[in-house]
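Read off the chains here:
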Amino acid sequence: MKLIFECSVPGRRGIGLPRPDIPAAGPVDGKYVRSSAPALPEVSELDVVRHYTLLSQENYSVDTQFYPLGSCTMKYNPKFAEAVVGLEGFRELHPLLPQLEQGCLLTQGALEVIYNLEKSLAEIAGMKAFTLQPMAGAQGELTGLMLIAAYHRKKGSRRKHVIVPDTSHGTNPASAAIAGYETKVIPTSADGTMDLGKFKEVLNEDTAAVMLTCPNTLGIFEPQTAEIARLAHEKGALMYCDGANMNAIIGRARPGDIGFDVVHLNLHKTFATPHGGGGPGAGPVGVNEKLEPFLPISRVVRRKDGSFFLEYDKPDSIGYIASFYGNFGVLLRAYAYILMYGMEGMKEISGHAVLNANYLRARLRGHYEIPFDRMCMHECVFSAAKQAAGGVRALDIAKALIDRGFHPPTVYFPLVVKEALMVEPTETESKETLDAFVEAMKGIAETAERDPESLRNAPVTTRISRPDEVKAAREMRLRWRP
Amino acid sequence: MLAAVGAGSIDELFASIGPSLLSRPLALPPGRSEMEVTAFLREMAGRNATNLIPFVGGGFYDHYIPAAVDQLASRAEFVTSYTPYQPECAQGTLQAMFEFQTAICELTGMDVANASLYDGGTALYEAAMMATKLTGRNRIVMDSGVSPIYRTILYTYTRNLSVEFEEVEPVHGQSDRKRLFEKLDERTAAVILQNPNFFGAIDDHSDIVEYAHRKGIIAVQSVYPVALGLLKTPREMGVDIATGEGQSLGLPLTFGGPYLGFMAVRQELVRRLPGRICGETVDRNGKRCYVLTLQAREQHIRREKATSNICSNEALCALRAVIYLSLIGKNGLAELARLVRDKTEFAKDAVDRIPGVKVNRSSPTFNEFTVVLPRPADEVIGKMVRKGFIAGFPLGRYYPGMENFLLVAVTEKRTKEEIVKLADSLEAVL
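Chains A and B supply the protein sequences, listed in that same order.
Heads up: take any position in the first sequence, counting from 1, add 10, and you land on my numbering.
Heads up: the second sequence at position 69 corresponds to 51 in my numbering, and the numbers run straight through without jumps.
Everything labelled a hint here was simulated from the structure, so no lab data went into it.
Each hint should be verified, as a subset may be incorrect.
Claimed, not checked - Covered by chain B, according to a simulated footprint, are these stretches of chain A (three or more residues, beta-carbon under 8 Å):
| no. | region |
| --- | --- |
| 1 | 40 to 47 |
| 2 | 58 to 69 |
| 3 | 241 to 255 |
| 4 | 297 to 304 |
| 5 | 391 to 404 |
| 6 | 482 to 492 |
To be verified - Per label pair, the in silico range of CB-to-CB distance:
| no. | chain 1 | residue 1 | chain 2 | residue 2 | range |
| --- | --- | --- | --- | --- | --- |
| 7 | B | E(-6) | A | E354 | 10 to 20 Å |
| 8 | B | A21 | A | R414 | 34 to 44 Å |
| 9 | B | A21 | A | R384 | 21 to 31 Å |
| 10 | A | Y322 | B | R24 | 41 to 51 Å |
| 11 | B | L143 | A | Y322 | 16 to 26 Å |
To be verified - Calculated cross-link-like contacts (lysine-lysine; reagent style DSBU-like; alpha-carbon spacing at most 35 Å):
| no. | chain 1 | residue 1 | chain 2 | residue 2 |
| --- | --- | --- | --- | --- |
| 12 | B | K287 | A | K481 |
| 13 | A | K245 | A | K165 |
| 14 | A | K41 | B | K287 |
| 15 | A | K41 | B | K115 |
| 16 | A | K210 | B | K287 |
Computed from a predicted structure; not experimentally measured.
The beta carbon of each residue, even a glycine, is placed where N, CA and C say it ideally should be.
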């Protein structure tokens, strides 16, 4: 396909501007002016519409395909939430209004959304309070770790490291590094849980926090979590929960009750806000009473008369994480979702998410290796080790799925599983879809034995075949040039 | 399905959670239908004052958004996909990223741009971090004409790292060369500037950048993309890292987000660039296509040694921006920039005619200007609300001693009539 820049015809315009209703001002001093106009496309509105409509059709998406990308919770995103975000009272609202004198009175509806969503998430996660500012899960992690650092600083202790299991998301150690901590990695035992013996060896008075994903990235709820929390707390360390996998336990178990002091939730996963081709997301952070004083400012507070205002006077606060109140449009969608599901609905989300994952595990057993074959939570990690021995790797299986009309699962993660295929079906998929996926996976396994070569050429149904990634990295063509 | 799994009930699947299981229902209201929730949220939306004519900016502006931006960026194939890890079935997202990177390079004049960061503030923080890593130095000198919102973010994020900051106040609206040069030394990693600055003043930072480079300092500039239809680019000033807030490029205000951070750098710095980067390559048949590239910088490969922890970014917002820039086009952006400036100059003259009010004209401006009022700006803004206006932003909120200063922003959406009425109302309330 052409690039939009390659569609340019000099002088062509997409959208006109209003005729000036004021006189032209004198010119700007030349030393402040750019020497030539930016070479943006010169195209008509139809050129733009057709181009991006055709481009969109090159994507697999939840609305068009089953998208079992593990750890990403690609569930269906209800459409009414999109409509709500488009309401003028939200869409046109300037974020600086509450900072004006009496300005909070101009934004009572938006502040109430923030207040109510914080309270709802606190109830769901078993925490005392939430901040909605972090704009993605990774930013939530960093915020959580900064809260932990502030807590230790306040107690006068300077701790040095954060403990993570080797199954953790890559963002965990990356966030720890930015928060100023070293990372100590604990291996996974044969049953798919963190090696408790090794953990005890590493845990000491220099441990600032233990960062666990709950349930873990192998799709396993670690029964020893409460014990880990007890040991960590004994040493004065705090417990951080990466809540990326909250879809597995929502309405049934709460990180706060399990022993965690901090949790971040990914609203674009559990709370059905769309992933947008890579974002925007939202990664709110919940804390218990130990960390509440350190939350970022501003805080939305409810007055006795029922009105809402912003509080900045929090002397222990870590400060500003985002320019304003987080990705408000994403927050609003999540709030709409919570209102729709309510108290009973939450439990059904996790129930069906876990049932669907276990159904795939049961139906694919025997066709693919299952390194930790026990009742899983919302996702199940398969291994293509058997197929790889015959020359068909996890990546080939992923590409073969594209030809069969499915988005591939996450591959080669978690790192502790060889040839990992991490499948997360989510609760919104029907049995019919899961059965069709099972048939496709079984078919691929059979083809792997019979005709491995054909899988190494997949996909063949898409406009392009496998890209040369080495060439991309070597040549670094990162922008178009005429 | 339960039979296939070998469980008697859904609850049985959760046996492994054991004693941590919640023994009661969540204390949330009962679920409601789509119709009820929509009505409930419509009522909340109605309690936000979006009927006031806005002259408030501060880096976030009420620009017109063409209908095609909303229509195209609402396509489900863009909205309900994720990070393009599987390029064969994500060329739509990838090619749009590549086009976005190209557009940002064109706007800023820089060599390479990434596929987006969270917002303008965190983009500036990422630039500061890049500079400390590139130079091995830990001191950052910042013009306090840089958005105070961004500066507070920088302070928050670097709290646990050994980074020192020095701030230099602008003089007559523009960057104070003399004091900046005094502060820029061999321990300094970066000098951080903004154009136009928070007060609306435009500047040519070429001399500061040149001075910084002589001391091995990285020059960082935060820019306003619409202004780049007219103003000198970061590249023309010699800047190393350009960042900015892309909200003005087709994104609604939506009470603070989602917005769009962007970052563009000189070619030599590409391996230190944070965030996703899309690159061109060919498939097995030699057909041109796009992939996420240079992933060895990123957290899922490098873990604690990554250039940044960013994973989810603002891809859909970047898509909106590139659609917007394509619609407005090369000539349109230049025309828009001129129109915005002309309207701003008209507003300056209109407000300057009010007795007792003085427009600050010590330096040229683009779309925003400061006004000195005879009374506290807060009080005046409050009175102007009753007249149907958000008259501007009170600078005293961030700059002690500037309580009587009002920051006024103008976009192409403000009509002559609205501007005249603003001035008349201002005169009436003073």
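Going down the list of hints, with the structure as the test:
1. 40 to 47: holds (count 6)
2. 58 to 69: With 10 residues closer than 8 Å to chain B, the region 58 to 69 of chain A meets the three-residue bar; holds.
3. 241 to 255: violated (count 0)
4. 297 to 304: n = 0 at 8 Å, threshold three: violated.
5. 391 to 404: n = 0 at 8 Å, threshold three: violated.
6. 482 to 492: Check passed, 8 qualifying residues.
7. B:E(-6) to A:E354: 10 to 20 Å: With Cβ atoms ~19 Å apart, the hint holds.
8. B:A21 to A:R414: 34 to 44 Å: holds, 42 Å
9. B:A21 to A:R384: 21 to 31 Å: violated, 45 Å
10. A:Y322 to B:R24: 41 to 51 Å: Cβ of Y322 (chain A) to Cβ of R24 (chain B): about 30 Å, so the range 41 to 51 Å is violated.
11. B:L143 to A:Y322: 16 to 26 Å: Cβ of L143 (chain B) to Cβ of Y322 (chain A): about 24 Å, so the range 16 to 26 Å holds.
12. B:K287 to A:K481: holds, 24 Å
13. A:K245 to A:K165: Distance of about 14 Å is within 35 Å: holds.
14. A:K41 to B:K287: Roughly 42 Å between the alpha carbons, so the hint for K41 (chain A) and K287 (chain B) is violated.
15. A:K41 to B:K115: Roughly 33 Å separates the two Cα atoms, so the pair holds.
16. A:K210 to B:K287: holds, 25 Å
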